[in-house]
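Participant: From just these sequences and the hints, can you work out the full model?
Protein chains in written order, with my numbering: chain A, 384 to 731; chain B, 384 to 731.
These aren't lab readings, by the way, just hints derived from the structure by calculation.
Any given hint could be a false lead.
Stated by the list, open to error - Part of the chain B face toward chain A, derived, beta carbon under 10 Å: (1) 490; (2) 517; (3) 518; (4) 534.
As the list claims (entries may be wrong) - Now the stretches of chain B that chain A is said to cover, found in silico as 3 or more residues with beta-carbon under 8 Å: (5) 424-436; (6) 520-533; (7) 546-556.
Just so it is clear, CB atoms sit at the ideal spot from N, CA and C, and this is done for glycine as well.
2 protein chains.
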Amino acid sequence: MGVVASPALAQGVAPFAPTGDAEDALGALIALVRPDLEACNRTIVERMASPVALIPQVAAHIVAAGGKRLRPLLTLAAARMCGYQGGLRHVHLAACVEFIHTATLLHDDVVDESALRRGLASANAVFGNKASVLVGDFLFARAFELMVADGSLKVLDILARTASTIAEGEVLQLTTQNDLATTEARYLDVIRGKTATLFAAACQVGAVVADRPEAQEAALAEYGMNVGIGFQLVDDALDYAADEVKLGKTVGDDFREGKITLPVLVAYAAGDDGERRFWRRTIEQSEQNADDLVHAVELIARHQAIRATLERATRSAAEAKAKLSVFPDSPIKACLLRVADYTVNRAR
Amino acid sequence: MGVVASPALAQGVAPFAPTGDAEDALGALIALVRPDLEACNRTIVERMASPVALIPQVAAHIVAAGGKRLRPLLTLAAARMCGYQGGLRHVHLAACVEFIHTATLLHDDVVDESALRRGLASANAVFGNKASVLVGDFLFARAFELMVADGSLKVLDILARTASTIAEGEVLQLTTQNDLATTEARYLDVIRGKTATLFAAACQVGAVVADRPEAQEAALAEYGMNVGIGFQLVDDALDYAADEVKLGKTVGDDFREGKITLPVLVAYAAGDDGERRFWRRTIEQSEQNADDLVHAVELIARHQAIRATLERATRSAAEAKAKLSVFPDSPIKACLLRVADYTVNRAR
Numbered sequence: 384m385g386v387v388a389s390p391a392l393a394q395g396v397a398p399f400a401p402t403g404d405a406e407d408a409l410g411a412l413i414a415l416v417r418p419d420l421e422a423c424n425r426t427i428v429e430r431m432a433s434p435v436a437l438i439p440q441v442a443a444h445i446v447a448a449g450g451k452r453l454r455p456l457l458t459l460a461a462a463r464m465c466g467y468q469g470g471l472r473h474v475h476l477a478a479c480v481e482f483i484h485t486a487t488l489l490h491d492d493v494v495d496e497s498a499l500r501r502g503l504a505s506a507n508a509v510f511g512n513k514a515s516v517l518v519g520d521f522l523f524a525r526a527f528e529l530m531v532a533d534g535s536l537k538v539l540d541i542l543a544r545t546a547s548t549i550a551e552g553e554v555l556q557l558t559t560q561n562d563l564a565t566t567e568a569r570y571l572d573v574i575r576g577k578t579a580t581l582f583a584a585a586c587q588v589g590a591v592v593a594d595r596p597e598a599q600e601a602a603l604a605e606y607g608m609n610v611g612i613g614f615q616l617v618d619d620a621l622d623y624a625a626d627e628v629k630l631g632k633t634v635g636d637d638f639r640e641g642k643i644t645l646p647v648l649v650a651y652a653a654g655d656d657g658e659r660r661f662w663r664r665t666i667e668q669s670e671q672n673a674d675d676l677v678h679a680v681e682l683i684a685r686h687q688a689i690r691a692t693l694e695r696a697t698r699s700a701a702e703a704k705a706k707l708s709v710f711p712d713s714p715i716k717a718c719l720l721r722v723a724d725y726t727v728n729r730a731r
Numbered sequence: 384m385g386v387v388a389s390p391a392l393a394q395g396v397a398p399f400a401p402t403g404d405a406e407d408a409l410g411a412l413i414a415l416v417r418p419d420l421e422a423c424n425r426t427i428v429e430r431m432a433s434p435v436a437l438i439p440q441v442a443a444h445i446v447a448a449g450g451k452r453l454r455p456l457l458t459l460a461a462a463r464m465c466g467y468q469g470g471l472r473h474v475h476l477a478a479c480v481e482f483i484h485t486a487t488l489l490h491d492d493v494v495d496e497s498a499l500r501r502g503l504a505s506a507n508a509v510f511g512n513k514a515s516v517l518v519g520d521f522l523f524a525r526a527f528e529l530m531v532a533d534g535s536l537k538v539l540d541i542l543a544r545t546a547s548t549i550a551e552g553e554v555l556q557l558t559t560q561n562d563l564a565t566t567e568a569r570y571l572d573v574i575r576g577k578t579a580t581l582f583a584a585a586c587q588v589g590a591v592v593a594d595r596p597e598a599q600e601a602a603l604a605e606y607g608m609n610v611g612i613g614f615q616l617v618d619d620a621l622d623y624a625a626d627e628v629k630l631g632k633t634v635g636d637d638f639r640e641g642k643i644t645l646p647v648l649v650a651y652a653a654g655d656d657g658e659r660r661f662w663r664r665t666i667e668q669s670e671q672n673a674d675d676l677v678h679a680v681e682l683i684a685r686h687q688a689i690r691a692t693l694e695r696a697t698r699s700a701a702e703a704k705a706k707l708s709v710f711p712d713s714p715i716k717a718c719l720l721r722v723a724d725y726t727v728n729r730a731r
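Facilitator: Here is the structure:
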């Protein structure tokens, strides 16, 4: 079984490297929690260990592939904003959140047969479906071991519910696939489940370890939920718009899979009869020709569906920021406000 | 997406129907814990529920397919043998154990591409790989929700470790696949991990809910571990020996997948040069012709490899029974002793 040679792989985890202005918000946040983030990276490497060599190989392949560690960063930042001191609970739970995320990526690779993930060959392409499923299971179980070691039933409750909500969201997405009758509300249910819930939980556990009142916990959860919704909306927009190299992801994946996303729903709703026939053929009947993706991108541009999607994301970011009003101003809070904008601005 | 019409499916879960003398031990055990088992079945159905309709459909397909509920039965019986009274903790944890088992079956279906599982089309054949992976994830997460609701960090610790050990065992099996240099010790590591650990945990949590001393907990865990090892050994023997209809499983699955099991290791070790060439071609190089399975079964018979495998299983059953000596005699203990034999005798 081959292993892709990669310096990041050899190193275990890749350092985050901001690549432009849009990443400054994240860079500023990282600067504020750098020792925590480094401790989190060490925990991730330590807890990927297994006497079964293939496990750290597959796990490192995806964990090392240059992910932004956005979700664990949110846990670390939320905990610090809430004044958490005196331990590594936030670090361990941040690692746990990243493990859950990584497990879903591995299972997504199987599910979606995506050829590229973060610019490297997907784990499934390199190691096969079997390894992706089973190593995903391992990381998921490891996440629970980390939570159990943390010892808080409240945290366990939040993250166990999150895990089933993620799975429900993914299955719901499967149900809506190829179905142009999917409503925008249902689409939002999907992205809340598959993406935003984990952002919400990542933020909420930061408040929990700092023992903050329910209202602050809820505010952070809603901040995370809205950041996550915005993040996924932008992701869905980028799949019809982005420069493939910059995104490190194959453009048009969603189109080829017949995934129902907001850009498609907007363009379909605004389309004339001929356009709707095009969408039904390509998305519902999965009959696609070589130039269909280009045409889809044209139709989406014609009806300003990317703009509509990004506007919806901007609204989510604004809602996220409003939720933080219950917290006093601080450098970390300022960064979290900028991170909400970053999730939207990274598209432009 | 089609649903296989099945009365069991409509009913949610199938009742257990003993089919012969070998099943009497299980039947006797069921008779002793019937109200508990019925409560467990109700919990399973309730906790499979989801607003996402595909989830209970897929879950019911596999949960309803007539599984023997062997693992939850062990939890229920262990708890009762330990004198547990006054609640439904054992019932909820038994359901949780079955969910973990079901999740691994769903992921196994993806992994092994097995055409038959328990005599019905595998979930993956009916619903597709995607649904099998994601519904498996959902059931796994639901198992953790049930544990969190139970509220015991000790139980959570046992079952979280069990979940990662199962995944490690499955990945180790992947590593040994097609590798005739696999030692018997390594093969035993695989079956301990992928199968026996869950039997051990299923039994151990019965002692935990009844608040028994460590020594009794450990004794039940070792009973379960040995029952599980015997169970898997017999499973591996049956794959080269059983009557397909009776097993409800395609014979020769392991052979076709190049899985390394004890019957193959024994026959390979005892084989002459020509036989070893046969095994290398079929198992290591995965080059198989139509009549190779028949020849493999002949070679396994020639070297009495089934007998050797069943003898090893019988030894495990004896070890399992010996572990129960720390418990006073009782009708449930008598049944658990018989269950250890059942796991071996079901092959004959």
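Participant: All the hints need checking, so say for each whether the structure fits it.
Facilitator: Hint by hint, here is what the structure shows:
no., hint, result
1, 490, "5 Å, holds"
2, 517, "5 Å, holds"
3, 518, "6 Å, holds"
4, 534, "6 Å, holds"
5, 424-436, "holds (count 4)"
6, 520-533, "holds (count 9)"
7, 546-556, "holds (count 8)"
Checked against the numbered hints given earlier, this structure breaks none of them.
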